[in-house]
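Q: Residues per chain, in single letters:
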Amino acid sequence: MLQKFSRYLLVAAAIIILSSVIPTIYRTLFKTPYKYESIYYSLLKDEFFKSRYDFETSSSNYENSKGEALTEEEFHKACPIENSYFLITKGQFPDSINGIKIDVEKFRPESDYASIRSQYFETPSYHLFPLMDSKGPLTYPQDVCRIGTNKVEFIVAETNKVDEAKSDQYTRVFDNEEFSYPVKLLAGIPTTMKPYDNGWFITDSKDAFYHMKMENGKPFLKKIQTPEGFKVKYVSPSTIESRSIHAYVISAENKIYVLSSLDYSLNELPIYDYNPERHHSLEVRKNPYFTRISFSSFHSKKVYVLDRNYKLLNTFEETGTPYAEMTVGKAFSALFPFHLNFSEGHHSFVRFVFKGYKNISWIVVNTLLVLVNIFIIIRKKSRFRNNILDLLLVAATGIFGFVAVNLFPNKEY
Amino acid sequence: MFYKEWIKIRLVFWLSFVVGIGIVVAMYAIIRGELADMPTNHYIWNMINRNFVFFTLFKFVPLGIGTLIGISQFIPEITEKRLKLTLHLPLNEEKAGLQMVTFGVISIFIIFSLMLFAFLGMGRYFFPFEVMRVAAITVAPWFMAGFTAYFVTGIVAIEPIWKYRIAYLIIGGLFVKMYFVLWEAGSYIHANAFFAALLVLFSVSILFSIYRFRKGEM
Amino acid sequence: MENIVECRNLTHYYGDKMVYEDLNFNIKKGSILGLLGKNGTGKTTTINILNGYLTPRSGECIILGENSKNLSPYVKSQIGYLIENHVQYAFMNIYQIEKFYSGFYPNWKRDAYYDLMAKLKVTPKQKISTMSCGQRSQVALGLILAQDPQLLVLDDFTMGLDPGYRRLFIDYLRNYAKAEGKTVFTTSHIIQDMERLIDECIVFDYNKVLVYMPVQEFMTTFKQFDFEVTNPNVEFDKGGLVENYEKMDNSIELFSYSTEEEVKSYLASQGIEYSNFKQVPMTLEDAFIGLTGKY
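Chains as they are written, first to last, in numbering that gives the first Met the number 0: chain V, 0 to 412; chain L, 0 to 217; chain D, 0 to 294.
If you're looking for bench data, these hints aren't it; they were derived computationally from the structure. Don't take every hint at face value.
[To be verified] Think about it this way: if two alpha-carbon atoms lie no more than 35 Å apart in a straight line, the pair counts; the simulated DSBU-like pairs of lysine-lysine are:
| hint | chain 1 | residue 1 | chain 2 | residue 2 |
| --- | --- | --- | --- | --- |
| 1 | D | Lys126 | V | Lys410 |
| 2 | D | Lys27 | L | Lys214 |
| 3 | L | Lys176 | V | Lys30 |
| 4 | V | Lys379 | V | Lys89 |
| 5 | V | Lys354 | L | Lys94 |
| 6 | L | Lys214 | D | Lys120 |
| 7 | V | Lys217 | V | Lys232 |
| 8 | L | Lys176 | V | Lys329 |
| 9 | D | Lys118 | L | Lys214 |
| 10 | V | Lys3 | D | Lys124 |
| 11 | L | Lys94 | V | Lys379 |
| 12 | V | Lys221 | V | Lys105 |
| 13 | V | Lys380 | D | Lys16 |
| 14 | L | Lys80 | D | Lys16 |
| 15 | V | Lys100 | V | Lys65 |
| 16 | L | Lys214 | D | Lys237 |
| 17 | L | Lys80 | V | Lys222 |
| 18 | V | Lys232 | V | Lys150 |
| 19 | D | Lys124 | L | Lys94 |
| 20 | L | Lys214 | D | Lys37 |
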């Protein structure tokens, strides 16, 4: 009895591993080409332009919203702000655009870029971080900070011991601000390769939102006022030179906010269809005159352009064919009733994700495999009664089950 | 039964024990040297920010130990078909098989526990608790790979037909590979329970091969 | 008398290759049955079926009342099994192996083992793998004696033994079996000395059983006749009176269960001229070769 059971355990193991391996081989063999395409916004013409990099000729192709091809020079001139670097070096940058006077000096300090990948939303963490001195030089501190279950602690790296005095000082500040332990989210830029330090943005167990810093060796903790019921999902701290922005914040409801450094106000952006589970990358590109926010999924791309007050200027949308509607995708779901992935786009953990059984196109292949297996059983003159479970497995798991049950022979003696 | 198993594996057991602990000690000796050249805080930032994994040195050591214990235990059984002697002992054949596997698992468990204990214990001397927590999460599947390798060695060794041996080796190999899909330290935190569950699938697999051997597959 | 082993209608194939069909034999309590045959005639196959390491295509073996497909621990403890080449746990020494086995058998006869070991020139710490084939055979035998089973199953135990050890083994075994009333089933492809041991024999040829009878009966009824023929091209039909024959030029060795008179009248009826006709005494080995042929 037990040896029968051991066979089914092995079959189950084989099905699980094959449901990851076979689809991976299929996907590698039938790769769908990826389009490397960038969308640019022209403040001058209030129009979107496309730039596509061609790997074969190592050159870029440009076209306007009507699909007409442009030369590089025409493209640079059509989108002066987004190509300011090229135009300024050539001395061709216009003084004004649509009557707005352009101040080249303001470009650098008021420009910002943030790339927010859904993968970062949930990521393995050490729950330790360096707290640099925001008023001091950009160096790594001698200690690491831990926000524990009921206090803040600094562990001196060299000795691996807690710096009690510094820890007490911070714990007191946290207690005064009614911080509710433990910490839920930690967002900061733990590197010295940045223009300045701006501490860490943290949320507590009750979803209160804080800004934590060290200034001249002294603790700073500011509770940020948030709307009723507001929950932070992700914070991308900004390194804008003018220091006008603290961070870009994604709420639990997938709304995008800009946290202003003037008064810690959260400015909600007029974008309502961003979904990090589908749109794996979100890009914020800011210059003194507009902010371009784009996000893309496997088959679609959406671009929003907002003015200096984050009012909507223009939008762009492009939708391709989803994988499931392409021929390879249709064949995929017909061949494999389900498949196993170890990763998903919206976190960076290893997880076992079984996906499938979304439609019934696999029924044909599974039925065929059941028939083939029946044929094998007849040829081996086995009894059907002994093979019912095998056939059920093939019917349910298709090619994976078929390979597995035949790999571990179901012999009767 | 345990007496016979012990005689078979004792050399490999002590060897694995010495190598396993030795690697951990060597690893920390290297880290000690590195910490002399680089301030500890930089070392820790490398870990936290740059995904630096300080304990890759023994990534495949548990795998090797599991395989070696499996080989030392099962190869003597199949040379000259000595398994016949074991199956002829006056006890149930399944019980005999399970006793062998139980012994192997216990031996490996002892070595791995001591390794893990040394690894985490010595690590705490250098690094904060959180670093060792993440390290433990990361090394757990490597140890599980060691157990899987042991089970796979068993079913492959005892399987009487070469064709199937190769098939089991491939499935087993893919399975072991799965324990090494690392992308960064700590990524396994949600996967370890599932990994452990999958390990169970292989645990009694040896019975299948013994059954086939006993039924005279050639 | 009670049968310790009953095999009924055993049929086995390896793939499409038939080993034998409808093999029937019994082993009576206290008797010694020898299964003789050349290499590859299915001797080990039979042993494997008997011990439950092989499931026959059809038919069954009943050992001590149990089907050999599923032997209980008790019945297994009552079968002493010596594997071809005296395979044992060669990674142990004689002390360890005794210690190991003694734990499994409640009626373990430690002294029987050590008595036999005392005769071997080995140190207690010497590993079995470093011993000579003869010494290994004594270790394997000693373990079986200590196990004190009802039935001894010995697979080709003479293989690799020099004559002294072979004689020692056989004599020791026969005395033991007869004194203790043990039943023995043994196979061999070396027939020499076997007549000292076995009571009954089964002779296997490829795909069939040639003989299944007591050794005494076989030795008295199966005869060899030598004579010379004038026509060197003479051929005999096998199957009737003639079991087998060998021809060297004009000399014929003819093997038959019939009497001298019957053979002579047969030759006359076939119109074969012969001279120097005489019956030749045979050992079991001669008889075996006569029956199965030299090839």
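Q: Could you work out which of the previously given hints the structure breaks and list their numbers from low to high?
A: 1, 4, 5, 6, 9, 10, 16 and 17
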